[in-house]
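Asks: Spelled out from the first residue to the last, the chains are:
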Amino acid sequence: METVNIKELNERIQRESAFVDILTLEMGKVIVGQKQLIENLLIGLLANGHILLEGVPGLAKTLAIRTLASVVDAKFSRIQFTPDLLPADLIGTLIYSQRTEEFQVKKGPVFANFILADEINRSPAKVQSALLEAMQERQVTIGEHTFPLPEPFLVLATQNPIEQEGTYPLPEAQVDRFMLKVLVDYPAKEEEKMIIRMNNTGEFPTASQVIKPADIRKARDVVREVYMDEKIERYVVDLVFATRKPDQYNLKDLIPLISYGASPRASISLAIAAKAYAFIRRRGYVIPEDVRAVAYEVLRHRIGLTYEAEAENIVSENIITSIINAVEVP
Amino acid sequence: MYGLGLRKIIVLVWVFLQLPNIISGQQMQTVPEHDKDQLRESALDKDSILIGDQVWWTMILPQNTGEIAGIETMDFAEVPHLITEGVEALSPILLDSVYRKKHLESLKARILLTSFDSGSYRLPDMPLYLRKPDGTVDTLWYEGPRLYVNTIQVDTTSFQAFGLKPQMRYPVTWEEVLMVVALLAALAGMIWLVIRIVKRRKKNLPVFGLSRPKDPPHVAALKALETIRKQELWKKQNVKQYYTVLTDTVRIYLRDRWGIQAMEQTSAEMMGSLHKKAASDPLLNEGILGILNEMLRTGDLAKFAKYTPSDTENETSLNQAVEFVTQTAQPEEEQED
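Residue numbers (the numbering used here), protein chains in the order written: chain L, 3 to 332; chain P, 78 to 414.
What the hints contain is simulated information worked out from the structure, not anything from laboratory work.
Where hints are given, some of them may not hold.
As the list claims (entries may be wrong) - Simulated restraints on C-beta separations:
(1) R374(P) to P207(L): 36 to 44 angstroms
(2) V271(P) to E194(L): 33 to 41 angstroms
(3) I270(L) to T389(P): 35 to 43 angstroms
(4) T304(P) to N7(L): 29 to 37 angstroms
(5) M196(L) to V275(P): 30 to 38 angstroms
Unchecked claim - Examples of chain L residues toward chain P, derived with CB under 8 angstroms:
(6) I8
(7) Y229
(8) D255
(9) P290
(10) N327
(11) P332
Because the structure is a prediction, the values reported are computed rather than measured.
C-beta: ideal position from N, C-alpha, C; glycine also.
Starting from the given sequences, assemble the full structure and let the hints guide the process.
Replies: Take a look at the structure:
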């Protein structure tokens, strides 16, 4: 029998999550709007999961992650993926030193805490694989030496949805390795007015460093301890199973629209992301709202749509909405 | 050498001349000389027909003629398809015979004939073999009648060709009409049954028989809450189960009372839906919504956060649910509408 002292855990979470508000506040100084993006960055950071960002250019994706790196006092790298990029450009290579007459390791930009892999679908599969392997293994092998990547290690990859020519779309198996897929939308009118004002004055606010990487590692441990009841676990499994066998949840209409459902990795990601969300909300336990809050980000890139769905302009968000509206909440 | 060749030619010519008979099967026997004065009469239904018409050839052996006394079996010779040149048999010999105590008493034999060539034909004589108990066989002969086959005279001076006639339509029989009516009735019955099953299933009613009037949402909810109170699950160390049943009862009430999809909503979403309904429903005031919110929050804590409420809190939650249902019950006149 699992014994969890929720009261004590709640108090601990109240203490450990105190930085969340400060961090959000600092980021809010630089990033106008994009609250959902910031929240998802935090979820990825706390749940130790990588994020795939999709949005048109100019929506502060790079600025957001650069700001996050600055408030965490972490190293940030931006890698622009191009068709001629090589795996060595990413992970590093061995360079011959004439002075020492030895090969020396030259580490690539992947050795950073926060990495923005810009337009990841512009590079061929071998480069994508090199990054995705680093994401999965959290270590890189150059020559005969294996180097662990720094902690925290968070990759944010962007895909440009409006340019499809000359791209190498990520295979489904690779996309599955991203914990969240976040759609970045345009700011609201008022927010855009503020952005103009900030740029016109020329006085760009800067975010202060409020947390250290060690604090993130500590917070991650607490996130794992957030209590998830068996009822919530069943709810998570139901949501994921409904993507695979919709007919078992009175969703026969979805059968011809789904070519493949979410993987078990989706269940793991949904559970840990819900815990991270509960942590951000300063709660020591997960409630169904937490699961729902992260369901779209966790599931949208893991559901395969059929040609029939595409012909009817149905996107994975429609499928997730139907599932959420059909699966009984505990 | 030459003589042998001529003999061969003669044999071949004889075989060639006999070929139609060989091909057509058997050949009709001829009446022996000593029986020619004892020929019996046979009759055609009509002695003249049009080309292609059909006619029955009948042979009768009447009772008490003496010839058939003590006869065990009788048989006609097998009839070839081509009875004679120009006349064809369309049926085998159809016998209508009466036996009594294993002895033949009377006999009527018929063959259906037709012809496709005009002219006068003498039908062949027909033998009838009568077998007696001692094994001897007597042969009776029926004389073949004459059949006239007429053709249609065509006036070639005014002859005009016509197209083919359409297929002859037979009148519809009562059996056919009844069959169609029965099929349509069965089909209509099945459609009615399917529609009834679908409709009744949707309304959650039995397919046949009268349905019990459903309790109004608040009555059903209050009954369920009363059952929960009697069960006192929280006293049996089953707090989680208690709050699951309690919140599910409230959810069902929300669904039936306002059509809110509460079973698939979280507590916050349920409150959001109720706040939307509050704009048009004066019964949903802030006070009562606050009571429900408190009950749901306690329920969430008990269900998802291992929170163990005190006995007082448990009873309060139940009372809050009862109060919410009682205060928001649908008035009688609205129910009738």
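Asks: Any hints this thing doesn't respect? Which numbers, in order?
Replies: Of the numbered hints, 2, 5 and 8 do not hold.
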